[in-house]
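Numbering (the UniProt record's numbering), first residue to last: 1 to 833.
Calculated from the structure, these hints are not laboratory results.
Within a straight-line C-alpha distance of at most 25 Å, the following computed DSS-like cross-link-like pairs (lysine-lysine) qualify:
(1) Lys190 with Lys512
(2) Lys518 with Lys476
(3) Lys22 with Lys550
(4) Lys507 with Lys190
(5) Lys302 with Lys186
(6) Lys806 with Lys817
(7) Lys297 with Lys190
(8) Lys496 with Lys135
(9) Lys164 with Lys100
(10) Lys781 with Lys818
(11) Lys153 with Lys302
(12) Lys686 with Lys662
(13) Lys153 with Lys496
(14) Lys817 with Lys833
(15) Lys114 with Lys17
(16) Lys153 with Lys518
(17) Lys8 with Lys667
(18) Lys22 with Lys554
(19) Lys13 with Lys114
(20) Lys662 with Lys699
(21) Lys727 with Lys667
(22) Lys330 with Lys434
(23) Lys302 with Lys313
(24) Lys662 with Lys626
(25) Lys808 with Lys833
(26) Lys799 with Lys817
(27) Lys186 with Lys313
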Amino acid sequence: MVGQYNYKKTEKKWAEKWVRDKTFTPDLSGAKNPYYALFMFPYPSAEGLHIGNFYAFTCVDVMAKYKKLQGFDVFEPIGFDAFGLHSENYALTIGETPRKMLRRTEENFRKQLKMAGLGCDWTREVDTANPNYYKWTQWIFTKLFERGLAVRKESLVHWCPGCKTVLADEQIENGVCERCGSISEKKKMKQWFFKITDYAQRILDGLNEMDWSEITKAAQKNWIGRSEGAIIKFEVQPPNIDTSAQFGEVEPQYIEVFTTRPDTLFGVTYFVLSPEHNLVRQFTTDEQREEVEKYIKDTASKSDLDRMESKEKTGVFTGAYVINPVNNEKIPVWVADYVLMGYGTGAIMAVPAHDERDWEFAKKYDLPIKKVVEPPALLRIPRNIEDIAAGAKEEIKIEAEYWSAEGVNINSEFLNGLATDEAKKKMTEWLKEKNLGRANINYKLRDWCISRQRYWGPPIPVIYCEKCGIVSVPEKDLPVLLPDLEKEWEPAGDGKGPLSKVDSFVKTECPKCGKPAKRETDVMDNFLDSAWYYYRYLSPENGEEIFDKKIGDKWLPVDFYVGGNEHAVLHLMYTRFITMLLRDLDVVDFDNPFKRFRANGMILKDGKKMSKSKGNVVNPEEYGEKVGYDALKSYLLFLGPFEENRSFSDEGILGTMRWVDKIYRLKDKVKESAKDGNKVLRNLHKTIKRVSEDFEGQKYNTAIARLMEMTNVLSAADEISRDTWLKFLALTAPFLPALAEEMWERAGNKSSIFGHKNWPEYDLGFVREDEFELVVQVNGKLRGSITAPRGINEKEAEKKVRAEEKFKKYLENRIIKKTIFVKNRLINFVIDK
Numbered sequence: 001m002v003g004q005y006n007y008k009k010t011e012k013k014w015a016e017k018w019v020r021d022k023t024f025t026p027d028l029s030g031a032k033n034p035y036y037a038l039f040m041f042p043y044p045s046a047e048g049l050h051i052g053n054f055y056a057f058t059c060v061d062v063m064a065k066y067k068k069l070q071g072f073d074v075f076e077p078i079g080f081d082a083f084g085l086h087s088e089n090y091a092l093t094i095g096e097t098p099r100k101m102l103r104r105t106e107e108n109f110r111k112q113l114k115m116a117g118l119g120c121d122w123t124r125e126v127d128t129a130n131p132n133y134y135k136w137t138q139w140i141f142t143k144l145f146e147r148g149l150a151v152r153k154e155s156l157v158h159w160c161p162g163c164k165t166v167l168a169d170e171q172i173e174n175g176v177c178e179r180c181g182s183i184s185e186k187k188k189m190k191q192w193f194f195k196i197t198d199y200a201q202r203i204l205d206g207l208n209e210m211d212w213s214e215i216t217k218a219a220q221k222n223w224i225g226r227s228e229g230a231i232i233k234f235e236v237q238p239p240n241i242d243t244s245a246q247f248g249e250v251e252p253q254y255i256e257v258f259t260t261r262p263d264t265l266f267g268v269t270y271f272v273l274s275p276e277h278n279l280v281r282q283f284t285t286d287e288q289r290e291e292v293e294k295y296i297k298d299t300a301s302k303s304d305l306d307r308m309e310s311k312e313k314t315g316v317f318t319g320a321y322v323i324n325p326v327n328n329e330k331i332p333v334w335v336a337d338y339v340l341m342g343y344g345t346g347a348i349m350a351v352p353a354h355d356e357r358d359w360e361f362a363k364k365y366d367l368p369i370k371k372v373v374e375p376p377a378l379l380r381i382p383r384n385i386e387d388i389a390a391g392a393k394e395e396i397k398i399e400a401e402y403w404s405a406e407g408v409n410i411n412s413e414f415l416n417g418l419a420t421d422e423a424k425k426k427m428t429e430w431l432k433e434k435n436l437g438r439a440n441i442n443y444k445l446r447d448w449c450i451s452r453q454r455y456w457g458p459p460i461p462v463i464y465c466e467k468c469g470i471v472s473v474p475e476k477d478l479p480v481l482l483p484d485l486e487k488e489w490e491p492a493g494d495g496k497g498p499l500s501k502v503d504s505f506v507k508t509e510c511p512k513c514g515k516p517a518k519r520e521t522d523v524m525d526n527f528l529d530s531a532w533y534y535y536r537y538l539s540p541e542n543g544e545e546i547f548d549k550k551i552g553d554k555w556l557p558v559d560f561y562v563g564g565n566e567h568a569v570l571h572l573m574y575t576r577f578i579t580m581l582l583r584d585l586d587v588v589d590f591d592n593p594f595k596r597f598r599a600n601g602m603i604l605k606d607g608k609k610m611s612k613s614k615g616n617v618v619n620p621e622e623y624g625e626k627v628g629y630d631a632l633k634s635y636l637l638f639l640g641p642f643e644e645n646r647s648f649s650d651e652g653i654l655g656t657m658r659w660v661d662k663i664y665r666l667k668d669k670v671k672e673s674a675k676d677g678n679k680v681l682r683n684l685h686k687t688i689k690r691v692s693e694d695f696e697g698q699k700y701n702t703a704i705a706r707l708m709e710m711t712n713v714l715s716a717a718d719e720i721s722r723d724t725w726l727k728f729l730a731l732t733a734p735f736l737p738a739l740a741e742e743m744w745e746r747a748g749n750k751s752s753i754f755g756h757k758n759w760p761e762y763d764l765g766f767v768r769e770d771e772f773e774l775v776v777q778v779n780g781k782l783r784g785s786i787t788a789p790r791g792i793n794e795k796e797a798e799k800k801v802r803a804e805e806k807f808k809k810y811l812e813n814r815i816i817k818k819t820i821f822v823k824n825r826l827i828n829f830v831i832d833k
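The task is simple: from the sequences and hints, build the whole structure.
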């Protein structure tokens, strides 16, 4: 009967005992066989643990327990990503200060995580809002500043009207704020940036050597967006205004564009500036000014996504022209919103015959279209269906409206007849020779904007002095403490952070000259806090260095890391950047902080994404109470492959609960004097082998399926030996830790199942398969397979295949010229055709 096993009492007992006995607290200094298992530490901003977090934590926890059973010294730390918009926005919603709110929510998280039976080391907890922690976040900033990698500059940035702060490019998803869902706006503001672009190629190159999920590596590669091409200089033809101050009269003035297709330069028929380009107003004639200004204003309300996806192209002529350097043709300059400032130079040369967006724009505004590349071969299709039926050979030529792929140059003077790659090279060489261009590599990746006009974050450790300029706070004066504000900590939305109103914080002395100075009043992006937390776990109380390097040499890089792929170009990109900085500072000797990263899929509810509005949110604590945490965790892992989305259902979880009860009842079959039959032993050792292999490949769902099969085998047995029982318990322990510990203790063991090397080894004698799948081919083509006894000879194999109904159509009444037989693998019949 379901309910026979008292999971509540058992899970509570062991959850408390593991924490009390420090079962999962390793000796970091004395570890002989270290294994660092890491999950993404949670935002403690909601009223409880989310099922998505819980699932990701479980994916790490079962691996950690498996490794501990194998004899590794396992470190599975826990902490809180407490600073940032997520915590502050939630505090605003409930009307509490972030500091007060977090005291309650963090304690709730601790209670939930401990009750869930996760094998965390609670002695090394970190909290990003603790001054002991953010001192070193600020230290990272000062090191970047010293190396010229932290700079304050005016730039077009994303402004979230909901969060009332600037956000990084990576925090905008489909044109909206990833935190609050507001449509982002573009504003030109002075902000602090980290020059992650200086590391773009290094970050890109490192992907080749990393054991990370391919989907994550692909996302980073696409976000970095490396493009090879050329910078081309177009001479400016000033409009009919006084140009001496703007362009000078001595030498021609040029504007540069980046293109991946310099081979199409002969096909340029117009030129486009992004509405945000700083030269737009200088290019615009008096006659066009009103129209251009209106267009710029209208564009400001559009998101980048809307501009990129818009089917209808829009733009305005500036009245100005540039000169095509290759043929001296006069090219009109337009302003159009399909060109973004965030890529290249914010200006493009438009080749409508060979680019879809340029073609659409040219057709709308009746601009010339000049074909300079043709396909390498004519595209031909039959004229109509009747011709196909008749087998007609007459074909017609299909001309594309535009051809954006590679081909052969035409109408291009010295490039005529050249294939695209060769034409690109020759044009780039010509431009360089004429001092009109150069080869160039461009990246879509932008510098990381880290300024936030909010309260809840680490203050930027910078001082503004009238005499000395911008000065970073010396290390001895860190941390710059965040004032404990009870009121007026809410964002005003005026472009200034709440700290700007706190005179006691703002007014200070310059560390260089000692004169009165002012502090920076923006705080830092919380993604900087989370870019290095896994280092701090190693020595969270260390006040002298960012972490204990001696311990780090033993435990780093992290062995296994799990999290959602939505963090691919935010957190995971930033962790690599900060690690590269630490390597350049001789703090670490590696570029990649995680040896292995795996992206887990999402948990859906009845096939739909969970949301409070839909009323389909799964609360882990609620289900832990209903069915037990062992059953809940196993069910989540059993639902499907680790990396895929899977659907949670109330009916399905009951099946896992019944499995837990079934294992519990097996205890009554365990006898000291029992002797296991051959079937039990054969299945046990096959299960040990296969479950071990499944763990190494994170195939948790198939591992659980194999354990369920083994449970059925044991249930069918009259009795079970103590040795088999203990081996089986060890196999289940990563998934069902409380049940396994309880049964382990009842079997007479004094120490924890996780206290020693208790993972069983399989006996090869029981693992060798008695049968295999014999592949059947006819004339080398696969026709199927059959199950055959291992060691079957050719004559017996042929007889067995001929007896199968599914192969008779291939072999009956046919002359077999030859049979090719590979023992224990395949049989191939060579027959007359």
